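Model the full assembly from the supplied sequences, consistent with the hints where possible.
These protein sequence lines map, in sequence, to chains A and D. Taking the numbering used here as reference, the numbering of the first sequence is continuous, increasing by one, and the terminal residue is 316. Taking the numbering used here as reference, the numbering of the second sequence is continuous, increasing by one, and the terminal residue is 454.
None of these hints come from the bench; they were simulated from the model. Bear in mind that the values here come from a model prediction, so they are computed numbers and not experimental data. Where a beta carbon is used, it is the ideal one built from N, C-alpha and C, also for glycine. It is possible that some hints are incorrect.
As the list claims (entries may be wrong) - Partial selection, computed: residues in chain D whose CB lies under 10 Å from chain A:
hint	residue
1	344
2	358
3	409
4	412
5	424
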Amino acid sequence: MNIKVGVYSSGRSISDLRLRVSIHSSESSLMEKYKLIAKIKKGVFQGLCLLSSQTVTLKQLGFPDNEGVPGSLIKEITLLQAMRHANIIKLIDVVNHQEQSSIVLVYESMETNLTSFIRIYPKVMKIPRTIKELLRQILLAVSYYHSFDIVHGGIKPANTFIDPATNTLKITDFVWPRTLFNSNTEDPNEELGFCYKAPEILVEHKQFSTAIDVWSVGCIFAEMVTQKPLFSATSEFHQLAKIFSIVGTPSEETWPGFSRIYRYLHIYSHCKPKDLRKLVPGLEPAGIDLLHKLLYMDPKGRITARQALEHVYFQN
Amino acid sequence: MSQQHDITDRMRGILIDWLVEVHYKFELMEETLYLTVNLIDRFLERQTVSRKKLQLVGVTAMLLACKYEEISVPVVEDFIVISDKAYTRSEVLDMEKVMVNTLQFNLSVPTPYVFTKRFLKAAQSQKELEALAFYLMD
Numbered sequence: 001m002n003i004k005v006g007v008y009s010s011g012r013s014i015s016d017l018r019l020r021v022s023i024h025s026s027e028s029s030l031m032e033k034y035k036l037i038a039k040i041k042k043g044v045f046q047g048l049c050l051l052s053s054q055t056v057t058l059k060q061l062g063f064p065d066n067e068g069v070p071g072s073l074i075k076e077i078t079l080l081q082a083m084r085h086a087n088i089i090k091l092i093d094v095v096n097h098q099e100q101s102s103i104v105l106v107y108e109s110m111e112t113n114l115t116s117f118i119r120i121y122p123k124v125m126k127i128p129r130t131i132k133e134l135l136r137q138i139l140l141a142v143s144y145y146h147s148f149d150i151v152h153g154g155i156k157p158a159n160t161f162i163d164p165a166t167n168t169l170k171i172t173d174f175v176w177p178r179t180l181f182n183s184n185t186e187d188p189n190e191e192l193g194f195c196y197k198a199p200e201i202l203v204e205h206k207q208f209s210t211a212i213d214v215w216s217v218g219c220i221f222a223e224m225v226t227q228k229p230l231f232s233a234t235s236e237f238h239q240l241a242k243i244f245s246i247v248g249t250p251s252e253e254t255w256p257g258f259s260r261i262y263r264y265l266h267i268y269s270h271c272k273p274k275d276l277r278k279l280v281p282g283l284e285p286a287g288i289d290l291l292h293k294l295l296y297m298d299p300k301g302r303i304t305a306r307q308a309l310e311h312v313y314f315q316n
Numbered sequence: 317m318s319q320q321h322d323i324t325d326r327m328r329g330i331l332i333d334w335l336v337e338v339h340y341k342f343e344l345m346e347e348t349l350y351l352t353v354n355l356i357d358r359f360l361e362r363q364t365v366s367r368k369k370l371q372l373v374g375v376t377a378m379l380l381a382c383k384y385e386e387i388s389v390p391v392v393e394d395f396i397v398i399s400d401k402a403y404t405r406s407e408v409l410d411m412e413k414v415m416v417n418t419l420q421f422n423l424s425v426p427t428p429y430v431f432t433k434r435f436l437k438a439a440q441s442q443k444e445l446e447a448l449a450f451y452l453m454d
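If you want it as structure tokens, here you go:
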């Protein structure tokens, strides 16, 4: 064998023996296994698995540069394969074309996301027990992957799926590795994801902790009750002002050290927290208390997903 | 290694010695090296590789390990240069695909490094003991 040594390395001569055996590729063709049924949006398709006749969602991801599979995608796929939870969408298969510079991820298919579920079944969503059950399932999923120190980073109604027959809820799209380094991959037609972003990542992207997911869950909780987003701003820039106008502008008491993290705090007018009971009418007092804790401004003081599951709201 | 008819244990050893040097030159994290070796071994369990391609397997495994572990990843070009342009970019990228398909994207593996680190932490060891433990493990 001959190790070819480049300029970085010190020289080393090794006996040169050469024989040729080709490497067998173990890949299988996408079309042999799956049949495409419909295009959902750019790069996302609905398909049918020919072996199990199960409906699946196929997501094609391209490689932007000539550097092979992006590291973020490798991490994401590795993590998704390790995830085994009833409330997390399962990654069934990964098809890696030899001749194309893209990867196709095959997920179990869920038709209705929370946004359309609220639209189609507004009456079902009015039942407090439904809301409680859905919220419990979101928190179960979130606390499961938080136990692995994994941050979802983009929980929103559009990637929270519900099976209308059983009211089983599943979360998908672990976007954090991609959006953290490359935010322009988001589809502009998609709903505005920033409405569910926690205040600490709106001011500084380094503030990445499991608490950001808890905030998003709080936003979804309120939305399930009122059937419209709680913090609906027109742009990411206005999002922070919107949050301050409802939860109150942070002070040294409510968020110690915030003025040091965020230099532009003085631009925002001082707002007092609004009464969540009026903003989220119809929610029982225990629910209001939980919502307060989920939407706590300081990420250090915010409730964790595990603690939230033990909250009085879920007791009865 | 038993099902490999073109390469031997000794060749694997030479490859890994060389990769240790590359790892040092690139100033990579410890964990990356252990993962690289793990990827190579698991790949060789499943695929028959020719002598000529063994180094390609090595650099590709390191590229993948870097992508998984490192914050700043060396580019493909660095790996081509370090192996004295023995392989082309498309060869490396093709091998990368074969490798991720073979290993089914299972890159999250416990390596000896993680265990040793945990044991040393539990034992509240001194610097010298740590150095000895890591030396023995290598």
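Status of the hints after comparison with the structure:
1. With its C-beta approaching chain A no nearer than about 12 Å, residue 344 of chain D sits outside the 10 Å limit, and its interface hint is violated.
2. Hint status for residue 358 of chain D relative to chain A: violated, with the closest Cβ pair at about 13 Å, above 10 Å.
3. With a cut of 10 Å, the hint placing residue 409 of chain D at the interface with chain A holds, because the nearest CB-to-CB distance is about 5 Å.
4. With its C-beta approaching chain A no nearer than about 5 Å, residue 412 of chain D sits inside the 10 Å limit, and its interface hint holds.
5. Here the hint on residue 424 of chain D is kept, as its CB sits about 5 Å from the closest CB of chain A, short of 10 Å.
Hint compliance for this structure: hints 1 and 2 are broken, all remaining hints hold.
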